[in-house]
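Visitor: From first to last, the protein sequence lines are chains A and B. Quick note on numbering: our numbering labels position 94 of the first sequence as 94, and the sequence is numbered without any gaps. Quick note on numbering: our numbering labels position 135 of the second sequence as 1135, and the sequence is numbered without any gaps.
Think of the hints as simulated: they come from the structure by calculation, not from any bench. Remember, it's a predicted structure, so these values are computed and weren't measured experimentally. It is possible that some hints are incorrect.
Which residues of chain A face chain B? A few of them, derived with a C-beta cut under 7 Å, are [as the list claims (entries may be wrong)]:
#1 Val59
#2 Leu62
#3 Ser112
Partner residues are not named here, just some residues of chain A that face chain B (Cβ under 8 Å, in silico) [what the hints assert, rightly or not]:
#4 Leu61
#5 Pro80
#6 Asp81
#7 Tyr83
#8 Leu86
#9 Glu92
#10 Ala94
#11 Phe98
#12 Leu111
Every residue gets a Cβ at the ideal spot worked out from N, C-alpha and C, and that includes glycine.
Single-letter residue listing:
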Amino acid sequence: MNALSPSWVAQPTVEVRTVSKWFGQKVAVSDLTCAFGPGITGLLGPNGAGKTTLLRLLVGLLSPSDGEIRVLGRDPRRNPDVYRSLALVPEEDAVYGFQTARQFAAYAAVLSGAGSEAVEQAIATVELGDAADRPISGFSKGMRQRAKVAAALVTDAPLLVLDEPLNGTDPVQRAHLIGVFRRLAAEGRTVIVSSHVLAEVERMADRVLAMVDGKLAAAGDVAAIRQAMTDIPYRVRLEADEPRPLAAALLDAAVVDSVAVAGRILTVETGDLAGLGATVAPLARSLGLRLSLFEPEDLSLESVFRYLVRGR
Amino acid sequence: MKPFVALVAGTLRQQLGGRRLLLLLLLGLVPAAVLGVLLADQRTVIGARQAFHEAPLVILFFVVLPVASLVFGSGALGDERRDATLSFILLRPLPRSLLAAAKLLGAWLAAFAVVGVGAAAMAVVLGVRSGDWSPLGPLLLGTALSCLAYVSVFLVLGYLTARAVLVGLLYVFVWETSMTGTIPSLASVSLMRIGLSAYAGLVPIGRVYIEDILGVVQPGAGGAALKAAVVAIVAVGMVTLLLRHRDIA
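Looking at chain A on its own, in the form it has when it is part of the complex (with noise of 0.2 Å):
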């Protein structure tokens, strides 16, 4: 593997190289290879596709069946220094109920030999100060997160990897955690954040790492893995007053490859969108028809990965 692979990183962090790793039968991770280094990565998958199991995988909870993990050089199963060096925000609600969220905080930072003052800059920085004296218990969902949050961040890690951070959080506190990893990004950490929600891994991310069942299925950064998916079909809207005729005419065209009706809106699919512009507009006007609307879809995150769960 090399950096020029869109799955690698010039530095990395973190290498996961060609890690399996199954439970009995079940293959949740399979001959994955890749790589992390500074800046937010985000990991992206439907639920099942094996995030979680790469990222406890790369924490050190699980072992790799197969393949080899390096955190900053050294395998986290073998070195529990490296834990100077890394910090968990885990998927489940992982806190100690009877404790106050500062408690909560300086428990990790105890644990981990950070100072008390980490633990006030911790608790500040995920916006806590009127809750922190509170037991944890009596915390929405939102508030847990960000108390899980403040623990991992006692430590100052240079590599924080957290497992769906923004679950439960209202937007504002989304946002506002959002903006939180991206100054730790901006200071040279490596942040790897999974989610199964598209738009905030891409207003997060600097670059994705698409998995589906258990295998990488796109790396890069949104418009590359667009770019890399040539195959993927672009989606076209028109519309048109006499739609029916019009979709007949295309069908036809060498440059579509599907159209759908709905009402007087034509979804189009095609391979080449300048072809189908340059098709489109004299296939309108040789049919007598008006043509009101020509919009491809928005490249989002979402439309690849759409492509990538259908296409398994």
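With chain A fixed as given, assemble chain B onto it according to the hints.
Guide: Positioned in the frame of chain A, the structure of chain B alone reads:
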């Protein structure tokens, strides 16, 4: 040292919270209550001693001690696993042996907080009613040693299986209570008898009563302490290995 103390304190707080502590403390006081009833009609020191070593001692060693040890021993790591907080303590730059030892110490202190109160209450009832305070120290030592041995085994069990309480109860009531009591040669591998041996070594008259009811014990506080220490060291070693090599699903 600070992480070790924090882990022990965290374990104590985790284990001693809620209604569980209240229920176990009430259970722990049952032997003292039974002794109080038995001593109501006793006028002699010998009769009081005999009553002390009958039902109350049996309830303390056969029920209170294993149940409290099972709850706190299996819960020390089992609760962390169930509540998904295990990663919180595992992903720290700490030797796995330190984690294991801290969890054992925390669970032992929690279990002994309940059993020790029960044992002390029993000895106090005897002392107040008969003036014989001699069993107090030996009984605390004996229960502490058996607690340590039990908690050590249940700590491993709690990490290995989510059904630790069920498996532990079967172990206590089938192996410890029935098998080692009826087959004398098995007495030396009974965790409960570690504490009884220590007690009998320090209260020789107690041995007579104990053997009448509970079967063979080999008196000796030193040997009992050594056995309990060995069981604890082996348990810490096993948990250390498990924490290093077992997946945390």
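Visitor: Looking at the structure, which of the earlier hints fail to hold?
Guide: none
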